[in-house]
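Asker: Using the UniProt record's numbering, read the sequence shown as starting at 1 and increasing by one per residue.
If you're looking for bench data, these hints aren't it; they were derived computationally from the structure.
Hints are supplied without guarantee of correctness; some may be wrong.
Below 25 Å or equal to it, Euclidean Cα-Cα: the simulated DSS-like pairs (lysine-lysine) are [what the hints assert, rightly or not]: (1) K205 - K94; (2) K110 - K89; (3) K187 - K110; (4) K92 - K110; (5) K205 - K110; (6) K149 - K202; (7) K154 - K94; (8) K93 - K110; (9) K93 - K188; (10) K154 - K92; (11) K154 - K188.
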Amino acid sequence: TDDDEDAAKSDDEEGDGDATRFLITSRRDVETRKRDDSDSPPDITDVETVRRAGSFGNYGRSDGRMSLEDDEWATSERTWRALSPYLSKYQKKKVWMPFYYDGEAGARLKSAGFERVVHRREDFFQRIRDSGFTRSVDVVIDNPPYTGKGMKEKVLRALVEADVPFCLLLPIGVLHGASIRSILDAKKTQALVPRRCFVFKKGKKEV
1 TDDDEDAAKS DDEEGDGDAT RFLITSRRDV ETRKRDDSDS PPDITDVETV RRAGSFGNYG
61 RSDGRMSLED DEWATSERTW RALSPYLSKY QKKKVWMPFY YDGEAGARLK SAGFERVVHR
121 REDFFQRIRD SGFTRSVDVV IDNPPYTGKG MKEKVLRALV EADVPFCLLL PIGVLHGASI
181 RSILDAKKTQ ALVPRRCFVF KKGKKEV
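Turn these sequences into a full structure, and let the hints steer you where they fit.
Answerer: The structure is reproduced here in structure tokens:
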């Protein structure tokens, strides 16, 4: 609606760079699409920023209580549904969603069209070292918690070292980080910036 668009523009103007989530992925793993109105998924045109809140600390576990509560946000099904056309080559492939939170992320991704989703309460940093498992995975798709010191870099480095294709929702400020540029090969990296990412806290309304 017009009201929604006005509110969205206001959010964009007021939000800081790190408030907006974006999807970072290997360029070779994204379905290339024309940039015109007739070809773009309609949901991708919505707008939202999500402000950070609370205290930030170190964490690394992904077995239920992997981080501070304020750092954990569940990604809505319609966010994944809007992004799924760009990841269509993986809809019938084996997808690993390693970050657990409320335990329902796998079901939401399946509802968005991905048929083979692995989503279990496990420690990501232990599981990523299991070469037999990572060789069986076609891609990692998830919205990881990332406000702990060095956590974005640690997650990305682990995925790169394991040579696992990935698509992660991350704060837009990551694009400007020198450490990220040292981890990722620019020739194999693509950033998708959806105008809106709906997220929510467990048991609460999405924002």
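Asker: Taking the hints in turn, state whether each one holds.
Answerer: Do the hints match the structure? See the list:
1. K205 - K94: Violated, at roughly 30 Å.
2. K110 - K89: holds (14 Å)
3. K187 - K110: violated (30 Å)
4. K92 - K110: Measuring from Cα to Cα gives roughly 10 Å; hence the hint holds.
5. K205 - K110: The given pair, whose Cα atoms are some 21 Å apart, holds under the 25 Å limit.
6. K149 - K202: With Cα atoms ~24 Å apart, K149 and K202 stay inside 25 Å; holds.
7. K154 - K94: Given pair K154, K94 holds - Cα atoms ~23 Å apart, limit 25 Å.
8. K93 - K110: holds (12 Å)
9. K93 - K188: holds (20 Å)
10. K154 - K92: The given pair, whose Cα atoms are some 28 Å apart, is violated under the 25 Å limit.
11. K154 - K188: holds (19 Å)
Hint compliance for this structure: hints 1, 3, 10 are not met, and every other hint is.
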